[in-house]
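Trainee: Protein chains in written order, with our numbering: chain Z, 5 to 281; chain Y, 5 to 281.
Treat the hints as calculated values from the structure; they're not laboratory data. Please read all numbers here as calculations on a predicted model, not as lab measurements. Cβ coordinates follow ideal geometry from the N, Cα and C atoms, glycine included. Take the hints with a grain of salt, since some may be wrong.
[Unchecked claim] For each label pair, taking beta carbons as the anchor points, the in silico distance ranges come out as:
1) Ala132/Y with Pro136/Z: 50 to 60 Å
2) Gly80/Y with Arg237/Z: 32 to 42 Å
3) Glu256/Z with Gly80/Y: 50 to 60 Å
[Said to hold, decoys possible] A few chain Z residues that don't get close to chain Y, going by computed Cβ distances all over 12 Å:
4) Arg6
5) Asp30
6) Arg172
7) Gly181
8) Arg240
9) Pro246
There are 2 protein chains.
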Amino acid sequence: MRSTAENAQLALLLEVAGAPKPGNVDRHREYPDLRFEHFLAGAVGARDGLRMAADGERLGAAFREAIAGMSDQRGGNTQFGAVLLVTPLVAAAGRGDLSPDGASAVVAETTVADAADFYRAFEHVDVAVEDPPEGMEPLDVRRGGDAIPVLEERGLTLEGVMARSAERDGVAREWVGGFERSFAAAAAIAAGSGPVTDRAAEVFLELLAEEPDTFVAIQHDRETAERATERARAARNGDIDPERLSEEFVAEGINPGTTADTVAAGLFVALERGLDV
Amino acid sequence: MRSTAENAQLALLLEVAGAPKPGNVDRHREYPDLRFEHFLAGAVGARDGLRMAADGERLGAAFREAIAGMSDQRGGNTQFGAVLLVTPLVAAAGRGDLSPDGASAVVAETTVADAADFYRAFEHVDVAVEDPPEGMEPLDVRRGGDAIPVLEERGLTLEGVMARSAERDGVAREWVGGFERSFAAAAAIAAGSGPVTDRAAEVFLELLAEEPDTFVAIQHDRETAERATERARAARNGDIDPERLSEEFVAEGINPGTTADTVAAGLFVALERGLDV
Chain Z
5 MRSTAENAQL ALLLEVAGAP KPGNVDRHRE YPDLRFEHFL AGAVGARDGL
55 RMAADGERLG AAFREAIAGM SDQRGGNTQF GAVLLVTPLV AAAGRGDLSP
105 DGASAVVAET TVADAADFYR AFEHVDVAVE DPPEGMEPLD VRRGGDAIPV
155 LEERGLTLEG VMARSAERDG VAREWVGGFE RSFAAAAAIA AGSGPVTDRA
205 AEVFLELLAE EPDTFVAIQH DRETAERATE RARAARNGDI DPERLSEEFV
255 AEGINPGTTA DTVAAGLFVA LERGLDV
Chain Y
5 MRSTAENAQL ALLLEVAGAP KPGNVDRHRE YPDLRFEHFL AGAVGARDGL
55 RMAADGERLG AAFREAIAGM SDQRGGNTQF GAVLLVTPLV AAAGRGDLSP
105 DGASAVVAET TVADAADFYR AFEHVDVAVE DPPEGMEPLD VRRGGDAIPV
155 LEERGLTLEG VMARSAERDG VAREWVGGFE RSFAAAAAIA AGSGPVTDRA
205 AEVFLELLAE EPDTFVAIQH DRETAERATE RARAARNGDI DPERLSEEFV
255 AEGINPGTTA DTVAAGLFVA LERGLDV
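Produce the entire structure from the sequences given, and follow the hints as far as they go.
Mentor: Right under this line is the structure:
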């Protein structure tokens, strides 16, 4: 039987292998500088940090270790958001309570030290983020460890950091909202049939059709994110071939990363709950 | 920096991701019952055993653990041969001597207990093997642990087992021949350029064009294996499109598994020697 850390690693791998996953790297599509092999190496490197989370080590330290490992390849940011979303779920599973309440308890227990590690994780890899709102510049994640004195001064825990980003970032919203979409994705994956990577691709489209991707909104703007969601809806309804949508998204640089993160989290939960591969 | 066990796991993943790899599961082709996702799960499960080999634990025990983990998915045998070929190389790397001599020293030190674990590994998964030569039935690997008393009676080490199979099995031949083709594959991969998965696919074709695949010879016969090698040669010369060859091999059930194993070993050595991903 796979360990919790093994399931987390497998979830990362299955997520990137699912195709077609319009706009994201998948088994059939990659970018010249961000290739499928970078995701494989990223998932290999993330495992030790994920194991730390499963073993009950401090969440921030586990996350930072996973990101350091994930970043040890030349593609840059492969699955930062997926690792961020999966880590508290892994910690909850490690305690034997992989449920919305169990995961929320993990989040509630985070400390300022966890927030500091979260900031330090950004030193390992370039992650596309929005400029912080006015007055929040001292807490721009791109400052990395330099922001730590401010975190300490304000007594900001990792939960607090996430709460401040929940409005504009879908991963943060999951963190402070009981991981609702992650658990829903898990249920959808478990209820499906056929190859798991096909189910992952289907759930990706379903999630994107349901709600605009916050990563697209950050990289482009809200309107682009909404348009992408409308087109995902059209693909779900059979009005656009998902393969064609893939090509369009790639051409336009639309990369629904938060939706992919949610699929990875859903895969992890489904695997822990007995999904067969 | 990736650990030795991480490089071994990454080698397994990069091997299966390389495409087109005529006749084998790759990123673009799979069989209904043996899918890409089974290989991902297999590589996830193999890692702990590979780490044992890197840490200097007994080779047979490490191999058996890797195979037990690899087998924890529904596809059956995904990378048995690759794990068998990589394990002594991992052990040699763990000692700081990843060279033909270093790997041969690991092989030379194997014991009857290692042979016993090798046999037990066959209890985890169905591996296609040839009927043993006359008089060797008591040592048919398909007997699993039941063959152990015979191994002990004859004082047969794992090196001895491999030596007896070297004539008809390419992996065993590597074990007792200084891993010549594995190191040559590593050099070819390192000398290439572009995506590592593309290089892996190219070296696969190169190796197959060079020498008939013993797994094809076991599953079909010597003539089929020779014909497959001739066609790989034609693909190398540009007379057949490798994608077309893929389709033909799949249609005919030609599955050059030993060649893929050698590519995995080559990838591992290249990664240990600094190949960037």
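Trainee: Please go over all the hints and tell whether each is borne out by the structure.
Mentor: Now for the hints, and whether the structure bears them out:
Range check, Ala132/Y to Pro136/Z: Cβ separation about 59 Å, and the 50 to 60 Å hint holds. Taking 32 to 42 Å as the suggested C-beta distance range, the pair Gly80/Y and Arg237/Z conforms, at roughly 39 Å. Range check, Glu256/Z to Gly80/Y: about 41 Å between beta-carbon atoms, so the 50 to 60 Å window is missed. With a least CB separation of 6 Å from chain Y, Arg6/Z falls inside the 12 Å interface cut-off, contrary to its annotation.
With a closest Cβ-Cβ approach of about 10 Å to chain Y, Asp30/Z is found to fall inside the 12 Å limit, against its non-interface label. A cut-off of 12 Å between C-beta atoms confirms that Arg172/Z is not in contact with chain Y; the least separation is 33 Å. Listed as outside the interface, Gly181/Z is consistent with that label: its C-beta sits roughly 29 Å from the nearest C-beta of chain Y, beyond the 12 Å cut-off. Against chain Y, the non-interface label of Arg240/Z holds: every CB pair exceeds 12 Å, the least being about 23 Å.
With a closest Cβ-Cβ approach of about 17 Å to chain Y, Pro246/Z is found to remain outside the 12 Å limit, as its non-interface label requires.
In summary, the numbered hints that this structure violates are 3, 4 and 5.
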